[in-house]
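Peer 1: If you want the building blocks of each chain, they are given just below.
Protein chains: 2
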Amino acid sequence: MATINQNYLKLPGSYLFSEVARRAAAYAQANPEKRLIKLGIGDATRPLPSVVLKAMHDAVDEMGHLDTFKGYGPEQGYDFLRNAISEHDYHARGVSIAPDEIFVSDGAKSDCGNIGDIFGLNNVVAVCDPVYPVYVDTNAMAGRAGDYSEELGKWSKLYYMPCVAENGFTPAIPNCKVDIIYLCFPNNPTGAVITREQLKPWVDYANENGAVILYDSAYEAFIVDDDIPHTIYEIEGAKTCAIEFRSYSKTAGFTGTRCAYTVVPKELERDGGNLNFLWNRRQCTKFNGVPYIVQKGAAAIYSEQGQKEIKEVIAYYQQNAKVIRSGLTEAGLSVFGGVNSPYVWCKTPGGMDSWSFFDQLLHEANVVTTPGSGFGPSGQGYLRMTAFGDADATKEAVERVKKILQ
Amino acid sequence: MATINQNYLKLPGSYLFSEVARRAAAYAQANPEKRLIKLGIGDATRPLPSVVLKAMHDAVDEMGHLDTFKGYGPEQGYDFLRNAISEHDYHARGVSIAPDEIFVSDGAKSDCGNIGDIFGLNNVVAVCDPVYPVYVDTNAMAGRAGDYSEELGKWSKLYYMPCVAENGFTPAIPNCKVDIIYLCFPNNPTGAVITREQLKPWVDYANENGAVILYDSAYEAFIVDDDIPHTIYEIEGAKTCAIEFRSYSKTAGFTGTRCAYTVVPKELERDGGNLNFLWNRRQCTKFNGVPYIVQKGAAAIYSEQGQKEIKEVIAYYQQNAKVIRSGLTEAGLSVFGGVNSPYVWCKTPGGMDSWSFFDQLLHEANVVTTPGSGFGPSGQGYLRMTAFGDADATKEAVERVKKILQ
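These protein sequence lines are chains A and B, in that order. Note that the numbering used here numbers the first sequence so that position 100 is 100, with each residue one more than the last. So the numbering used here is basically just the index in the second sequence, starting at one, shifted up by 406.
If we strip away everything but chain A, and leave its shape as in the complex, we get:
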């Protein structure tokens, strides 16, 4: 009898965003005259930059001619894109990352999950709390998380690092040995950032303890402050302890176009294995590269015009974040994030629990948000709003929230 991966059966049933969608749909059905505004999911809404469209049209044309048709590409990505990433995202920031340390992929979600393939099952995994659920779920599926307690909202073998208002949403360095550490800055869901000075001790901890930091930098394009690193490799010593995930999803609106990349430095060795070699082997065996058309679109972002266009879109979302931030503050809420991040994180009023505040905003303001408790137990009493909506709708949503909280 074939056996299944029993770890899958340990996963708790309802998924955060399905439950959000279910409640929103139920409300909309019962109240068809109400116009809901969705500030829940972190999904791009602005059109792709024109240079990206142009590059993709050209690439589609290439696929139609015998002499320019492209079959299998390199599993790791085309040189034209790996070189552009190395040059623009790293070298231009004074960081040396070689093209063969860059692996182009179909998404940071895939990479954050699949990276587990190259690690042993006995590693102690540390995650922030609240946290992007993919880090937790993929480790649970692999068997590294132990058992889930509905009561605690926690897995028995994971090491949770609470991120709450009291510590500025910055996790404390573990006071014991952990092996794999997920860090995401600018953070999803809290919108918190980490300065170079704050990140250095993490790199030192990882090097001293042989740990590996999995650094999710998907929201890097939203950074405005000078003391916030755009890449963990700005920190001395990071190349011997960190893997970095980047994505075009939020940088250039690629959520439906699918392109990302992961950096695995060649200096990164653990337990007798070179992680760049292992990840390369994983990708060559279980992945066949990103569509040529999509890679051409991604490469166009690095042109002068591409940079100009993506900055305009980011500025549009940043303005939304500002509107949400200031509106919620005026409404008397304690508000975090939203400065170097598309996410605004706020405390629920009067100690309400997250889902109750979610329901209040849904029913009274007709605004869809995301309850903080869905991201982990320390998210209880918080709520997330995203800046990816339409500017006018965002303003209106904020006005409605202000009105009901007056």
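Hints listed in this document are in silico derivations from the structure and should not be mistaken for laboratory results. Every residue, glycine too, gets a C-beta built ideally from N, C-alpha and C. Watch out, some of these pointers could steer you wrong.
Stated by the list, open to error - Straight line, CA to CA, 25 Å or less: simulated DSS-like cross-link-like pairs of lysine-lysine:
1. A:395 / A:38
2. A:54 / B:460
3. A:322 / A:308
4. B:416 / A:266
5. B:672 / A:10
6. A:403 / A:322
Stated by the list, open to error - Examples of chain B residues toward chain A, derived with CB under 10 Å:
7. 408
8. 456
9. 478
10. 525
11. 703
Keeping the supplied structure of chain A fixed, place chain B upon it in accordance with the hints.
Peer 2: Just chain B now, with coordinates in the frame of chain A:
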């Protein structure tokens, strides 16, 4: 200290196609005046059908407008594509597969590898010998294959099913209990096919023993004979024991465009788990869907014009296969496959080993092929040629081979 997945270190170093490429490049460098013809790798070379190009151009345009822009799509694929697959690839053949049993993905290689995620590590895995290396390597990486013996060219825990001329390249039903069985028909690398009558006992074996068949049907479009099933679900009982992999790579030249799908019937249960539910969970957690643009391109294949165009391309490759088959037969070789398949598999002359014949063809005929031994020990003494090349070049390659073997 973080530990790595030690199974990766057990993988033998050199990869078949890298070694083929290395030898071809070395010869080309030493003999710059020679024109090599490559019949080695199974990669499409004909341009994409015009309906696919048109659909992708339209989709790129949609991504450029606010009201038609697409962000995150469903992880399982858009309904327009899942419905088209259900209707055209299954219902039209008298097979009922619901859209929610179909999972659109970026490639059959990814799916064949990732499917292992939902199974226990203790399953006994059966593979044909010779075999597409991805089945073996991904199970080795997961720890299901045991240890590799360089001498035998085999993994200690895999169950090998020899496919040689003596059994018509059709594996024998295991005489012991195995749990997971990879079958690929039309076969890569041998080009062999299986009739409905021959496939039925496999389905019966799997149902009786609680095994799961992983059926790779990537070359289905090449089937011409009426008694060859296009899908394993043509066989009664297959829905309670089989998962099927399909791809647009060879059907429509999508090797560089990346779209495939996997069918997991809802009736398929094992070990207390529903495999459709498990695979859905896997994909939702570790995958974020195929680019909208690519899915629109794939859906266009199902239009009347799309069907006409892909049939022309398939016919072009089928004609190449015929040329290779008849030419090698005239040259006195024992030739197999190439009828319902783009792969031609032949015995080396005079009991030569595969790499020696590969070298002879490279050096004397300047034709690049793939040595059968690279696909497993039972591939020793065979050679694979593919029909995906240019028609004139294929003819010339065959003439050259005939000449040196006269």
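Peer 1: Determine for every hint whether it applies to the structure shown.
Peer 2: Right, here's what the structure says about each hint:
1. Of the pairs offered as hints, the one joining residue 395 of chain A and residue 38 of chain A holds, with about 12 Å between alpha carbons and a cut-off of 25 Å not exceeded.
2. As the CA atoms of residue 54 of chain A and residue 460 of chain B are separated by approximately 15 Å, the hinted pair is consistent with the 25 Å bound.
3. Between residue 322 of chain A and residue 308 of chain A the CA atoms are separated by roughly 21 Å; this keeps the pair inside 25 Å, and the hint holds.
4. About 20 Å separates the Cα atoms of residue 416 of chain B and residue 266 of chain A, which keeps this hinted pair within 25 Å; it holds.
5. Simply put, residue 672 of chain B and residue 10 of chain A have alpha-carbon atoms about 20 Å apart, close enough for the 25 Å limit, and the pair holds.
6. Taken as a hint, the residue 403 of chain A and residue 322 of chain A pair is honoured in the structure, with Cα atoms around 18 Å apart against an allowance of 25 Å.
7. Because the closest C-beta pair between residue 408 of chain B and chain A is about 4 Å apart, less than 10 Å, the hint holds.
8. At a threshold of 10 Å, the smallest CB-CB gap from residue 456 of chain B to chain A is about 7 Å, leaving the interface hint in force.
9. About 5 Å separates the beta-carbon of residue 478 of chain B from the nearest beta-carbon of chain A, less than 10 Å, and the hint is met.
10. For the restraint placing residue 525 of chain B at the interface with chain A, the shortest Cβ-Cβ distance is roughly 6 Å, inside the 10 Å limit, so the hint holds.
11. Hint on residue 703 of chain B holds. Least Cβ distance to chain A is approximately 8 Å, under the 10 Å limit.
In summary, this structure violates none of the numbered hints.
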